[in-house]
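Go ahead and model the full structure; you've got the sequences and the hints to work with.
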Amino acid sequence: LAKTTQPISMDSYEGQEVNITCSHNNIATNDYITWYQQFPSQGPRFIIQGYKTKVTNEVASLFIPADRKSSTLSLPRVSLSDTAVYYCLVVGNSGYSTLTFGKGTMLLVSP
Amino acid sequence: GAVVSQHPSWVICKSGTSVKIECRSLDFQATTMFWYRQFPKQSLMLMATSNEGSKATYEQGVEKDKFLINHASLTLSTLTVTSAHPEDSSFYICSASPGGTEAFFGQGTRLTVV
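Note that the protein sequences, when read in sequence, are chains A and B. 70 is the number that the working numbering gives to position 70 of the first sequence; each next residue is one higher, with no gaps. 63 is the number that the working numbering gives to position 63 of the second sequence; each next residue is one higher, with no gaps.
Hints were generated in silico from the structure; no laboratory data involved. Using N, Cα and C, we set each Cβ at its ideal position, and we do this for glycine too. Be aware that a few hints might be false.
Which residues of chain A face chain B? A few of them, derived with a C-beta cut under 7 Å, are [said to hold, decoys possible]:
(1) Gln42
(2) Gly43
(3) Pro44
(4) Val91
(5) Leu99
Residues on chain A that point at chain B, a partial pick, calculated with CB under 10 Å [said to hold, decoys possible]:
(6) Tyr32
(7) Gln38
(8) Ser41
(9) Phe46
(10) Gln49
(11) Tyr51
(12) Tyr87
(13) Asn93
(14) Thr100
(15) Phe101
(16) Gly102
(17) Lys103
(18) Met106
Put into structure tokens, the structure is as follows:
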């Protein structure tokens, strides 16, 4: 199972773009990269998922280089409500056998 | 997105009693469900993985006789904390997957054992 490494914390200001990078050196061929957001005392919320290159949805973009050993979650123009913990997970596409979280990145957005 | 409902949202129980937490997938069938506990300012710790109709697979260090997991249908899994003690106080979260690479989380249950 690919282990992930992320920065423990990041600080930003409202309106800025935030990029959070995750390392997953042991990612397997059939693994996908998924990012979740968690607010205090709530369950994680799905943000975005990708396999390679770039994926974009209404809230974020996910950049994955060709070797897939890392990925970058990009949050455009963050607001105070984006203050949360962000988790990067690597999951296989053959069905979940396990879903293990790393330590996550605490993003603090200030005015 | 798909909805996973967890009940109750919070519960207080006396030491020595048992508490049951329910996790339901409301608009999809969950082939796999996961149970986590989370202590303050820490990440989610996977406790067990369960597939409908079969016994749960517990992570190392998690007592299966203390944390009973039942995944009786494709939309319901329950976690029962038996003979609860104050050290079992935590935030418990379930997740459900319809298969493939998707997984959706419940809102969590705050358990306080007094």
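Verification of the hints:
no., hint, verdict
1, Gln42, "6 Å, holds"
2, Gly43, "4 Å, holds"
3, Pro44, "5 Å, holds"
4, Val91, "5 Å, holds"
5, Leu99, "5 Å, holds"
6, Tyr32, "5 Å, holds"
7, Gln38, "8 Å, holds"
8, Ser41, "7 Å, holds"
9, Phe46, "6 Å, holds"
10, Gln49, "6 Å, holds"
11, Tyr51, "9 Å, holds"
12, Tyr87, "7 Å, holds"
13, Asn93, "5 Å, holds"
14, Thr100, "5 Å, holds"
15, Phe101, "4 Å, holds"
16, Gly102, "7 Å, holds"
17, Lys103, "5 Å, holds"
18, Met106, "9 Å, holds"
In the structure shown, no violation is registered for any of the earlier numbered hints.
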